[in-house]
Amino acid sequence: MTATQIIRAYYDAFNAQDMETFLNLLHDEVVHDINQGERHQGKEHFRSFMAHMNSSYKENLTEMVIMANAEGTRGAAEFIVNGEYLATDEGLPEAKGQKYVLPAGAFFELRDGKVARISNYYNLNDWIAQVSK
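No gaps in the numbering here: position 76 of the sequence shown is 76 in my numbering, and each next residue is one more.
Honestly, the hints are just simulated from the structure, not real lab data. In this text, a Cβ means the ideal position worked out from N, Cα and C, and glycines have one as well. Careful: at least some of the hints might be erroneous.
To be verified - As a list, the in silico EDC-like pairs of lysine to aspartate or glutamate whose alpha-carbon atoms are at most 20 Å apart:
| id | residue 1 | residue 2 |
| --- | --- | --- |
| 1 | 99 | 109 |
| 2 | 133 | 90 |
| 3 | 99 | 126 |
| 4 | 43 | 12 |
| 5 | 133 | 84 |
Said to hold, decoys possible - Pairwise CB distance ranges (calculated):
| id | residue 1 | residue 2 | range |
| --- | --- | --- | --- |
| 6 | 132 | 19 | 26 to 32 Å |
| 7 | 126 | 90 | 16 to 22 Å |
| 8 | 97 | 35 | 21 to 27 Å |
| 9 | 98 | 5 | 31 to 37 Å |
Using the sequences provided together with the hints, build the complete structure.
As structure tokens, then:
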């Protein structure tokens with residue numbers, strides 16, 4: 001698969017909530033840069049992170065634009081997060097099923113046909129304002 005196909009498959013699996021396919025697209029030593037947070041490494045950490053996210057948020061990504069370098073080693077995606085806040089996440093406003101629409105993006109490093117690094121970015125203050133209404 002090309003870099004753009006790998007990234008597309010990653011987001012298609014995310015939108016389908018097909019966590020097995022989603023996680024199989026990750027390199028075993030995947031590096032995950034959490035928006036305005038810490039860097040974590042390893043597929044097992046990512047599995048735990050996604051279990052937490054899926055219990056707190058229900059999200060569907062739309063308006064996907066994917067780009068990659070000619071070598072197929074780096075890529076980026078820009079998209080809209082259409083979500084619902086299901087369960088209160090520590091340090092964030094109380095969840096009451098609030099809906100939100102948030103522009104976001106991610107940068108990727110690809111190695112051996114897998115996602116080796118993903119760095120996610122979105123405006124946390126915008127999200128807080130939307131769910132605090």
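Hint check:
About 31 Å separates the Cα atoms of residue 99 and residue 109, which puts this hinted pair outside 20 Å; it is violated. Between residue 133 and residue 90 the CA atoms are separated by roughly 18 Å; this keeps the pair inside 20 Å, and the hint holds. A distance of roughly 13 Å separates the Cα atoms of residue 99 and residue 126; the hinted pair therefore holds under the 20 Å criterion. Taking the CA atoms of residue 43 and residue 12, the gap is near 19 Å; set against the 20 Å cutoff, the hint holds.
Proposed proximity of residue 133 and residue 84 is supported: the alpha carbons are some 13 Å apart, at most 20 Å. Between residue 132 and residue 19 the C-beta distance comes to about 29 Å, which sits within the given range of 26 to 32 Å. Our hint of 16 to 22 Å for residue 126 and residue 90 holds, since their Cβ atoms are close to 20 Å apart. The beta-carbon spacing between residue 97 and residue 35, approximately 22 Å, falls within the hinted interval of 21 to 27 Å.
A C-beta distance of roughly 34 Å is found between residue 98 and residue 5, which places it inside the suggested range of 31 to 37 Å.
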